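Protein chains in written order, with the numbering used here: chain U, 1 to 246; chain F, 1 to 246; chain H, 1 to 246.
By construction, these hints were calculated from the structure, which means they are not laboratory data.
As the structure is a prediction and not an experimental result, all values here were calculated from the model.
Possibly wrong hints are sitting among the right ones.
Same chains, same names: a pair is fine if it fits in one copy or spans any two.
Claimed, not checked - Straight-line C-alpha distance at most 27 angstroms; calculated DSS-like pairs for lysine-lysine:
no., residue 1, residue 2
1, LYS85, LYS178
2, LYS121, LYS105
3, LYS75, LYS209
4, LYS236, LYS178
5, LYS105, LYS146
6, LYS178, LYS206
7, LYS121, LYS28
8, LYS74, LYS85
9, LYS103, LYS206
Single-letter residue listing:
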Amino acid sequence: MRLSYSSAVGFARAIDAVGNLVDEGQFKAKKEGLSLVAMDPSQISMVIFSMPKGIFSEYQSENEVLGLDIDYFKKVLRRGKTDEKITLETEENRLILTFEGGKRKRTFKIPLLDLTEGVSKEPSIEYNNRIKLVADALNELINDAKLISTHIRLVLTPDGLRAEVKSESGELNVDIEKDDEAVAEISVENGARASFPLQYLEDIMKAAKGTEPVTLYLETDRPLKLEYNIEGALAKYYLAPRIETE
Amino acid sequence: MRLSYSSAVGFARAIDAVGNLVDEGQFKAKKEGLSLVAMDPSQISMVIFSMPKGIFSEYQSENEVLGLDIDYFKKVLRRGKTDEKITLETEENRLILTFEGGKRKRTFKIPLLDLTEGVSKEPSIEYNNRIKLVADALNELINDAKLISTHIRLVLTPDGLRAEVKSESGELNVDIEKDDEAVAEISVENGARASFPLQYLEDIMKAAKGTEPVTLYLETDRPLKLEYNIEGALAKYYLAPRIETE
Amino acid sequence: MRLSYSSAVGFARAIDAVGNLVDEGQFKAKKEGLSLVAMDPSQISMVIFSMPKGIFSEYQSENEVLGLDIDYFKKVLRRGKTDEKITLETEENRLILTFEGGKRKRTFKIPLLDLTEGVSKEPSIEYNNRIKLVADALNELINDAKLISTHIRLVLTPDGLRAEVKSESGELNVDIEKDDEAVAEISVENGARASFPLQYLEDIMKAAKGTEPVTLYLETDRPLKLEYNIEGALAKYYLAPRIETE
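Sequences and hints are given; from them, build the entire structure.
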């Protein structure tokens with residue numbers, strides 16, 4: 001296996017989309033690209049991450065599996081500098097990461113782990129309600145909501161996205177209307193509402209910043225699907241709802 | 001009650017002048033403006049804070065009392081963004097804070113507390129010595145002094161302000177002369193000297209920054225009076241002296 | 001004794017070159033300049049620091065010894081501001097530090113300690129291999145290496161500097177070739193290799209930043225000698241190698 005990506009910093013950012021949720025996991029370097037499907041340790045959220053072959057400057061692989069301590073992998077990736085490219089190779093039970101820029105070449109070798117593959121299959125849910133908005137609108141919402149509770153209720157209607165948060169500490173209501181400048185697209189059939197744990201939503205969104213668009217798919221009391229592109233990779237998440245019994 | 005202030009960020013800054021000293025307190029929304037008189041929990045310092053009606057873009061109130069967890073109030077206020085205005089309303093036993101900017105509207109509702117009113121009366125002391133100087137000159141003094149002791153001795157003479165700090169760790173002397181560029185005004189009758197706990201002085205000054213002017217009123221072994229304007233509000237403080245018995 | 005240095009901030013930076021390694025120590029204000037020779041508490045590294053008389057704006061001293069809590073000395077020095085000069089004087093068992101800028105004058109007095117002088121003599125080693133490179137190239141190397149181990153192996157050859165780091169966590173190899181833009185000079189006779197503890201190397205380099213040049217002298221399994229100029233002072237270090245027994 002030999003994969004090169006032209007920006008070491010960009011590659012690190014893309015992997016952040018996985019690493020904020022998953023501690024260790026199996027990347028698969030298939031013919032069509034690099035991917036990872038994993039659930040967080042508490043099995044409340046799932047990430048489906050893929051970097052298509054085409055965004056690499058070099059891509060050679062025959063179905064290799066890379067079991068990695070993702071936290072450590074991320075720390076090594078963060079050593080990449082702006083003007084460097086990164087190359088990933090395997091050598092027996094190790095992953096070789098080479099940073100190259102100017103005259104200098106830095107080579108890290110880190111252990112590949114023998115992980116048992118979890119059974120992670122993408123849920124097949126038909127979503128009829130979605131909204132695409134800039135990442136920071138959602139990030140701000142999460143930060144607002146954290147002041148009040150550990151959960152957030154999202155309500156998607158043809159008029160826009162409404163967030164409702166309630167606890168003994170107080171209450172929060174935010175309306176992001178469909179003609180708000182943060183909203184890029186909205187498509188709502190019957191509308192939907194569901195509650196989600198803020199901590200997971202925050203981890204999912206940690207790699208998405210600024211005005212980069214994020215798409216939310218919502219069905220009443222079903223998992224939230226959230227996806228965004230990051231440095232040419234696609235990060236797709238499912239987050240289990242919190243069913244409120246009253 | 002309904003009060004609107006054109007800058008949510010500015011309003012948060014003004015409330016910081018209270019919140020660094022007091023954990024919970026009763027704001028009063030009288031006809032003439034919003035105010036709070038409170039002592040810190042250890043009763044060493046008093047803050048008298050007032051925002052006149054005129055600096056609000058909208059002001060309607062008939063003597064309402066708002067008992068608040070000021071620390072939490074501040075956290076919510078900090079969620080305000082640069083281009084937003086803020087509106088405060090009451091609804092039964094809750095305070096409604098609405099941030100509005102562009103198309104978006106965010107509404108926080110936080111509990112009003114049923115606090116017993118402390119007996120806080122502004123001390124009637126006649127001050128004959130005062131100096132007005134830029135906030136950072138005093139802030140720097142506090143930071144210098146903290147390296148040596150937990151108390152600072154302030155000496156005001158017609159020549160300027162002198163700070164003396166002594167402990168086993170060493171000694172500090174700073175002279176801010178009357179023609180120092182940090183001094184805006186000085187008016188000294190007989191001169192005065194007194195010692196004060198640095199931690200309180202630091203909390204009092206936390207909201208005053210940069211070249212904003214601060215006025216100190218000093219009488220020998222009497223409370224320090226310190227006041228400054230912040231975002232149209234007036235923050236006035238009294239700080240008990242430490243009487244040195246030798 | 002009376003020493004004045006035109007930039008209080010610059011003086012603080014120079015003393016940082018000592019203070020990151022040594023907790024307390026004896027500065028000597030000899031006729032030719034201010035100096036300190038000390039070993040770190042664990043006796044693994046030695047610093048030989050000197051500020052020649054000529055870089056002071058005023059220098060009067062007859063062999064005074066200043067025993068100092070260097071950590072506290074540094075904290076006081078950090079209170080210096082950009083436009084201030086600093087003057088050091090002794091008064092009985094105290095060191096007087098005066099910061100002056102504009103109209104204001106701040107005087108700190110801190111205790112002089114009665115330290116027993118350690119026997120610190122500069123090792124007499126003949127070095128035949130050296131490389132001069134920008135500080136950040138070495139700083140980056142240290143940060144890379146810390147991800148893998150607590151020690152780093154440096155290999156100096158006519159081709160350049162090679163760093164090798166190995167542990168159970170992985171492996172790192174970095175080549176800084178002789179024509180790398182970070183390399184200012186290289187002079188290698190037979191080549192040399194030795195291993196050093198990263199924590200000490202990091203402390204030694206803490207005051208050296210950016211593109212400032214640093215010279216490394218290396219002999220196989222002998223102490224590393226490292227030196228750099230900082231604000232007109234010369235900071236020279238020796239760091240004991242870690243002898244690997246296999």
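Hints, one by one, checked against the model:
1. Only between protomers do LYS85 and LYS178 lie at most 27 angstroms apart by alpha-carbon distance; the minimum there is 21 angstroms, versus 40 angstroms within a single protomer.
2. Taking the closest pair of Cα atoms, LYS121 and LYS105 never come within 27 angstroms of each other, the shortest separation being 39 angstroms inside a single copy and 39 angstroms across copies.
3. Taking the shortest Cα distances, LYS75 and LYS209 sit within 27 angstroms of each other both inside one copy (20 angstroms) and across copies (23 angstroms).
4. With identical chains, the CA atoms of LYS236 and LYS178 are at most 27 angstroms apart within one copy only, with a shortest distance of 23 angstroms there and 46 angstroms across copies.
5. Within a single copy, LYS105 and LYS146 get their C-alpha atoms only as close as 43 angstroms, which misses the 27 angstroms cut-off; across copies the closest is 17 angstroms, which meets it.
6. Proximity of LYS178 to LYS206 under the C-alpha cut-off of 27 angstroms is restricted to the intra-copy arrangement: shortest distance 24 angstroms within a copy versus 41 angstroms between copies.
7. In the homo-oligomer, the alpha carbons of LYS121 and LYS28 lie at most 27 angstroms apart inside one protomer (14 angstroms), although the nearest pairing across protomers, at 58 angstroms, exceeds that limit.
8. For a Cα distance limit of 27 angstroms, the shortest separation of LYS74 from LYS85 inside one copy, 16 angstroms, qualifies, whereas the shortest one across copies, 40 angstroms, does not.
9. In this assembly of identical chains, LYS103 and LYS206 lie within 27 angstroms of each other by CA distance solely across copies; the values are 25 angstroms between and 34 angstroms within a copy.
The earlier numbered hint that this structure contradicts is number 2, and it is the only one.
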